[in-house]
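Student: Chains A and B, in that order, give the protein sequences.
Residue numbering for the first sequence follows the UniProt record's numbering, beginning at 1 and increasing consecutively.
Residue numbering for the second sequence follows the UniProt record's numbering, beginning at 1 and increasing consecutively.
Please keep in mind that the hints were generated in silico from the structure rather than gathered at the bench.
Keep in mind it's a predicted model, so treat the numbers as computed, not measured.
Just so you know, not all the hints are guaranteed correct.
[Stated by the list, open to error] A partial selection of chain B residues facing chain A, derived with a Cβ cut-off under 7 Å: (1) Gly33; (2) Glu35; (3) Arg40; (4) Pro51; (5) Tyr158; (6) Ile195.
Idealized CB from N, CA, C, for every residue including glycine.
2 protein chains.
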Amino acid sequence: MTTDQVPGSWRHYDDAALSTPLAAALDLFAERGYEGASIREIAARAGLSVPGLYHHYPSKQALLIGLTRVVMADLLARSRRALDEAGPTPREQFDAVVESLLRFHMVRREQAFVASTEMRSMEPDARDEYVALRDEQQRMLDDVVREGVRAGDFRTPYPEDASRAVTTMCVAVASWYRPDGPLSPDELVERYLAIARGAVGAV
Amino acid sequence: MTTDQVPGSWRHYDDAALSTPLAAALDLFAERGYEGASIREIAARAGLSVPGLYHHYPSKQALLIGLTRVVMADLLARSRRALDEAGPTPREQFDAVVESLLRFHMVRREQAFVASTEMRSMEPDARDEYVALRDEQQRMLDDVVREGVRAGDFRTPYPEDASRAVTTMCVAVASWYRPDGPLSPDELVERYLAIARGAVGAV
């Protein structure tokens, strides 16, 4: 049994991470976009009446907010646990955060796609909250890269830019990775860790 | 006068690269998504009647196809010219293609966003054509990275994966770069070239 099969591990993913209304909203936002999806369709997909759906979520915006909160809370919790369990060196901590980003974006492809593309559809407060959570995720890796540069483990002259570039290459995995493609999750992690270490100039 | 101000240079960008109907479609697809944008709104934004718009583009799908063709033709032409003008070494060619990707995604942010997010809205033939053009763009960098590994200039054990990772970090610039932000285009190019060279293990 590898750690990705242990429930509770940051490497382990369940199928059923979303409530029925949020899962239905995710499907339709991913297929047709937020503006293109109607409450009526989301209710039907969830097996609920429209008033039944409104009982849980009073608007389409509330569904989008609920969905992006779950997505970001899940990603942040996994990255924090990966960091907590990692060894003390910047290199081990870097690998842990990068691996958590990679695994999340291989598995939660639609969630990541909807949260990032539908920033445009978030009302100002929701967007601010989402951006703050993304910044928090980014800062976790920024701190590790800066510490690695200070310790002499990483040689990049641009720690924040390299950290963002690494984050975006991991996030982009959601746009092309397919579970039935040629790369297993473990192979992708191994290859991308080598590439990401190069991007920060790991010694 | 730097080369990005010379008309005809692959570094030079005009404001007016799209026809009026395509520019209107781009605005609305970016704001509300393909499904959320109506032909009526696109016609109004273009200052045309609906029949007038249909005279140029017979459907909303034709607008999306027209738009993604312009986007990909522009990107491919710039990258090819950058490659043609570059010196003979893999390192010079790598820098040229990466810089062309970076400049495109700093300037053509909305076009890149719509083309990639609305793959879901393309009918099968249009999607196949778009994917083929993206693959062609990717292969240009793949070939340079493989040649660099062969020549001993790049040390990555994963040339294709590193090439894709570099492409995605350049494409992602469209999602966060702001012309009024702290980084000038030239600064961003300098920093990202250093990071991208690290990702392929440039010696």
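Student: Would the hint on B:Gly33 stand, with a C-beta cut-off of 7 Å toward chain A?
Tutor: Nearest chain A Cβ about 3 Å off; hint holds.
Student: Would the stated hint for B:Arg40 survive a check requiring a Cβ distance to chain A of less than 7 Å?
Tutor: 15 Å, violated
Student: Please verify that hint: B:Ile195, Cβ, nearest Cβ of chain A, below 7 Å or not.
Tutor: With a closest approach of 5 Å, the B:Ile195 hint holds.
Student: Let me know if the C-beta of B:Pro51 comes in closer than 7 Å to any C-beta of chain A, holds or violated.
Tutor: 24 Å, violated
Student: For the restraint on B:Tyr158, tell me whether the closest CB of chain A is nearer than 7 Å.
Tutor: With a closest approach of 5 Å, the B:Tyr158 hint holds.
Student: Does B:Glu35 hold up as a contact with chain A if the rule is Cβ-Cβ below 7 Å?
Tutor: 2 Å, holds
Comparing the model with each earlier hint shows violations of hints 3 and 4; every other hint is respected.
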